[in-house]
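As you go down the protein sequences, you meet chains A and B in turn.
Residues 2 to 427 (the numbering used here) make up the first sequence, in order.
Residues 2 to 427 (the numbering used here) make up the second sequence, in order.
In short, the hints are calculated from the structure, not lab data.
Computed from a predicted model, the values in this text were never measured in an experiment.
Some hints could be false.
It does not matter which identical chain is meant; a pair holds if it fits inside one copy or across any two.
As the list claims (entries may be wrong) - The list that follows gives simulated cross-link-like pairs (lysine-lysine, DSSO-like), each with its CA atoms no further than 30 angstroms apart: (1) Lys320 - Lys176; (2) Lys202 - Lys222; (3) Lys222 - Lys164; (4) Lys176 - Lys222; (5) Lys102 - Lys174; (6) Lys117 - Lys366; (7) Lys101 - Lys84; (8) Lys176 - Lys101; (9) Lys164 - Lys247; (10) Lys222 - Lys158; (11) Lys174 - Lys247; (12) Lys117 - Lys379; (13) Lys117 - Lys199; (14) Lys379 - Lys247; (15) Lys174 - Lys379; (16) Lys117 - Lys158; (17) Lys176 - Lys102; (18) Lys366 - Lys174.
There are 2 protein chains.
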Amino acid sequence: MRVELITIGNELTSGEVVDTNAAFMAEALSEAGLEVPFITTIGDEALNIEDSLRRAGERAEVVIVSGGLGPTQDDITTSSAAKALELQLVLNRQVLENLKKRFAERGMEMPVSNEKQAFFPQQAEIIPNPMGTACGFIVRRRGRIFIFLPGVPRELKVLMGEKVIPFLEKERKEKIAVRSCTLKVFGFTESAIADLLKDVKPGDFSASLAYLPRFPENHVKIIVRGRAAEEAEEKLRRLASLIREKLQGRVIAVDRETLEEIVGQLLRAGGATLAVAESCTGGLVAHRLTRIPGSSDYFERSVVVYSNAAKVQMLGVPKELIDRNGAVSAEVAEKMAEGVRRVSNATLGLGITGIAGPTGGSVEKPVGTVFIALASPKGTVSRRYQFMGDRDQIKTISAYTAIDWVRRYFLNLLSAFSSRPSAKTD
Amino acid sequence: MRVELITIGNELTSGEVVDTNAAFMAEALSEAGLEVPFITTIGDEALNIEDSLRRAGERAEVVIVSGGLGPTQDDITTSSAAKALELQLVLNRQVLENLKKRFAERGMEMPVSNEKQAFFPQQAEIIPNPMGTACGFIVRRRGRIFIFLPGVPRELKVLMGEKVIPFLEKERKEKIAVRSCTLKVFGFTESAIADLLKDVKPGDFSASLAYLPRFPENHVKIIVRGRAAEEAEEKLRRLASLIREKLQGRVIAVDRETLEEIVGQLLRAGGATLAVAESCTGGLVAHRLTRIPGSSDYFERSVVVYSNAAKVQMLGVPKELIDRNGAVSAEVAEKMAEGVRRVSNATLGLGITGIAGPTGGSVEKPVGTVFIALASPKGTVSRRYQFMGDRDQIKTISAYTAIDWVRRYFLNLLSAFSSRPSAKTD
């Protein structure tokens with residue numbers, strides 16, 4: 002079944018807003034096994050809307066349109082659709098009542114301009130919108146299906162997921178079940194992942210794999226098609242488990258999960274707390290960890306010790322050590338981790354020091370040199386990294402690596418603890 | 002002059018990648034005063050590319066195409082263009098030489114697959130690409146102009162700005178000069194801005210204004226059209242200055258400048274240093290400030306004191322004060338700011354404490370309650386805010402507000418210092 006998308010709005014054709022709706026809809030459709038050959042974006046201009054609807058209807062069985070359902074004068078999608086499809090606009094009394102009630106509940110009278118949001122092409126099937134005043138609707142015409150959705154991304158996403166995809170799965174004649182999942186990989190390049198998975202035959206699982214770079218992660222998306230839902234789910238489970246095994250613990254999260262959520266769960270489950278001493282990441286480790294609601298249960302503190310004075314004063318890093326090895330060194334990273342662990346009484350202490358650039362690099366320690374250390378009840382370990390990229394990228398990948406160390410610590414994946422002779426124990 | 006855009010790539014029609022190229026090109030064109038009525042997005046499929054090129058050529062004088070110029074098998078834009086425009090593909094020896102040299106400089110032999118990147122429709126004008134192997138090109142055919150650009154966003158942006166826009170400005174028959182600038186406003190809602198600017202008549206300056214919400218900023222974009230460049234520039238200068246005045250110091254930055262850059266410049270110019278004590282922002286203030294290269298010159302440290310113990314221990318906030326007023330209070334914010342200033346010997350100390358949610362709120366201090374304090378040589382001031390939004394939004398707007406306090410301090414815009422009786426002096 003071919004589906005075309007039309008996204009409408011002057012803010013899109015002027016480039017003021019990036020069209021995330023088109024990508025969201027295309028992804029949801031492709032995950033459901035539906036093909037999207039064309040996406041057309043136009044401004045709020047009646048003739049262009051009519052023209053696009055007609056052309057899309059010539060090519061595709063389903064046309065999904067977003068945007069232009071609001072109450073203002075420039076919202077003309079519904080009237081243009083009625084014209085293009087040669088249907089009358091009729092008032093839907095139920096929708097009008099609901100709109101009035103919606104305003105009344107907020108102690109307001111409905112503005113006259115909202116009345117037009119209760120008019121739809123005749124025989125349209127209404128898609129109620131619990132989040133806003135613009136209902137979506139579905140029109141069948143000349144063997145084609147036209148679906149109209151509001152342009153507010155939050156509203157579009159819910160209506161797309163809860164109404165449109167299930168609707169299209171019913172409409173599809175060929176009954177197939179499509180199931181997908183995204184494995185989020187950190188610490189392997191795309192080509193390294195491809196290499197590790199070279200013996201995996203997705204065809205054996207009626208599956209296809211897509212590699213999606215999502216800096217600093219690389220995602221492996223698995224899409225399985227089966228005749229029945231159970232069959233597809235079982236194949237997806239088996240293939241995902243095989244790929245996870247091949248990727249040696251580098252799958253940090255699945256689907257909507259984030260690394261920070263996983264690390265939070267591990268800290269909570271272990272009854273552990275975490276304190277951080279950051280230099281080159283400049284607060285990004287703390288920021289990422291504290292984005293998670295409830296993180297105050299396990300995140301104790303971070304000290305962003307940009308100056309050497311702060312490293313000495315707040316963490317007890319010996320000044321001589323900085324003078325001798327430089328602030329960017331394994332020894333200082335270890336002392337930072339141990340220092341913040343000691344002063345905070347946290348279970349784990351993370352230390353990060355490095356050169357984010359663009360200046361400050363040397364031959365021995367070029368921009369991107371970063372030392373990460375973890376102080377734990379098992380002892381302290383550190384490692385040198387050489388990251389690539391601009392300042393933002395080096396900050397991001399450093400913070401990510403440091404946070405991932407906590408995950409690897411709890412999952413016994415931190416090889417340093419077993420192999421590194423210099424690891425000290427409490 | 003009507004311009005249509007065609008963006009090509011399976012990653013776009015599958016929704017794996019959000020089409021930022023289309024928005025970037027549309028914005029650059031609209032800033033140059035060129036209208037973009039249609040944007041079409043298609044996968045790497047020959048028939049769809051040919052069809053889209055033909056249709057766009059029927060409607061617009063200029064068609065800009067991006068994507069599909071790479072060396073791999075699925076990059077078929079050039080050959081499809083030749084077919085649609087009924088032109089032969091011919092080898093450009095100069096481009097081939099350059100490609101080979103490019104690889105040789107990296108000590109590699111050019112793979113055979115790259116050879117196709119030296120073939121172009123006959124009489125194409127080459128747009129050299131210093132950043133990659135895919136050159137752009139321009140073809141004139143039947144009174145229309147077709148421009149082809151690589152899909153890598155970084156490369157597209159440079160070629161668009163340096164080659165395509167100047168080229169189109171020359172081609173345009175109607176000689177107009179278009180100049181624009183974006184005023185970034187923080188601390189006023191869109192409707193408050195509109196209200197403050199209600200007496201400003203953009204028409205008097207041959208200008209139009211656009212309001213663009215860019216959370217947590219609101220942008221006011223001014224576009225001026227004149228017959229001559231000087232005239233347009235003069236009008237733009239006068240209108241921008243008038244708007245800045247009406248917005249009472251809330252224009253935090255212009256065009257590509259960021260708030261953090263401006264604050265960095267002010268700290269540097271004042272020979273001042275900054276230290277930060279963060280609670281609810283969780284490191285975001287430090288992260289934002291340290292994104293700026295060279296920020297270590299003025300950013301001394303941040304302590305992310307998530308726990309009360311850390312507030313007491315690292316900043317000397319009296320435990321009784323926390324017990325009496327709560328960790329989220331004006332008094333604690335002030336002690337945090339003063340404490341971090343004292344221990345760091347920085348010129349300025351910022352303190353932020355609040356409730357980012359979703360839990361932790363109360364009737365007296367609901368989610369979004371945030372206290373910000375600044376300790377300075379002039380004394381300490383604090384203020385209570387009530388922010389709206391989810392956890393991420395409250396973190397962002399809190400961090401932004403705190404950083405903006407530093408700007409306002411240096412520009413003598415921090416009213417608290419003049420009006421607040423409780424301000425203490427060193």
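- Message: Output the indices of the hints that this structure fails to meet, ascending.
- Response: Hints 1, 5, 6, 8, 9, 11, 12, 15, 17 and 18 are the ones this structure does not satisfy, whereas the remaining hints hold.
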